[in-house]
Amino acid sequence: MTGAPLDDASLPRDNGELVFDAPWQARALAIAVAVTERLGLPWDAFRLRLMDEIANNPQRPYYESWCAALESMVVDLDLTTPAALDAAAPTARAPL
Amino acid sequence: MTADHHHPADLAPIEARVAAIESVLVEKGIIDTDALDAIVQHFEDNLGPMNGAKVVAKAWTDPAYRERLLTDGTAAIAELGFEGPQGEYMVVVENTQDVHNVVVCTLCSCYPWPTLGLPPKWYKAPAYRSRAVREPRTLLAEMGTVIPADVEIRVWDSSAEARYLVLPMRPDGTEDMSEEQLAGIVTRDSMIGVQRL
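Residue numbers (the working numbering), protein chains in the order written: chain A, 1 to 96; chain B, 1 to 197.
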C-alpha cells in the first residue's frame, strides 16, 4: 500500500463519470454477471475470487484483477481450461 | 500478463483474454452474446445514482418512507422498483448534525448497483479503500469535504452481507422543492458519503 494520493482525474466530481475505460471491461463485467446468473451461483462465487486477486496484487489495475478472478472461476467450474483459452485467443470472434 | 505477446496492432493481451473467455463460453452455450450486450446496456441505461437520488428525495419528503428505509433498506428501495444483483442486502445509514457516514469496500468493490450503478474508479483504488478506514477525515478533506471536528465520522465496510447507502441531510433552503427537484440535487458522492450537500 503506497497511500498514493487520489489524483485530480480520479476525484469524484459529478454523477456523469464513465465507469469503463474500454469495452473489454464492460464485457468482463457482463460475463461474470451472466455466468453466475446462468449457473445460479451466489455473487460471492465471483466476489471472493476478486477479493483474493486484489489482495494478492493490490496495485494491479482493477479490471485486470477482475479478469483474473473471472478466469479462475470459469476454469474451476470446469467450463474451460487455460489451454482452451490460449487456443481461443488468436481467433476470438467475440465482438469487442 | 506477459508483454511479449503484445503487438500494437493486435488486441492487448487482456482484451484478447476476455474475448477468449467470451468466445469459449458462448460456444459451450453457457452465455450468449446478446445477453452480454443486454447486461452492459442495462448498466448503462437503468442503473445509476439517479435511482438512489429518488430514494433519498422520497425519504426527505415522506417521513413514513424514511422510517421504512432505515428499518429495512432493501424492501423500501424495492418499493421504488430498484432491486437486483448487489441490491439484496441494503442498509441505509442516515447523516445527522452529529454523525457523518461514509461507505467503503476495503477488500474489493462491493457497491449497491441498483441504486448507484457501478462504482467510480476512485472507489476501487487502493488509496481510497485503505485510507477511508485509517484516516477518513483527512481523506474526505482531500476530496473537498471538510467534516467539522465535532461531527463523528462512521465508516461502513461493504460486503456481501450488507451494501450501504448514505442518506444525506437535506440541505437548508430546499423547503419549497418538490420530490423530483430534490432528487436532482442528490449526488452520487453524497450517497457514498464523500460529499455533503
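Watch out, some of these pointers could steer you wrong.
Derived, one-sided and incomplete: chain B residues facing chain A with beta-carbon distance under 10 Å [claimed, not checked]:
1) Val18
2) Ile21
3) Ser23
4) Ala38
5) Ile39
6) Ser109
7) Ile147
8) Pro148
9) Ala149
10) Val151
11) Glu152
12) Ile153
13) Arg154
14) Val155
15) Ser159
16) Ala162
Covered stretches of chain B, as calculated for chain A (at least 3 residues, CB under 8 Å) [to be verified]:
17) 28-36
18) 116-127
Calculated directly from the structure, the hints in this document are not laboratory data. We treat Cβ as the ideally placed atom computed from N, Cα and C, and that holds for glycine.
Non-conforming hints, listed in increasing numerical order: The structure conflicts with hints 7, 8, 9, 10, 11, 12, 13, 14, 16, although it agrees with all the remaining ones.
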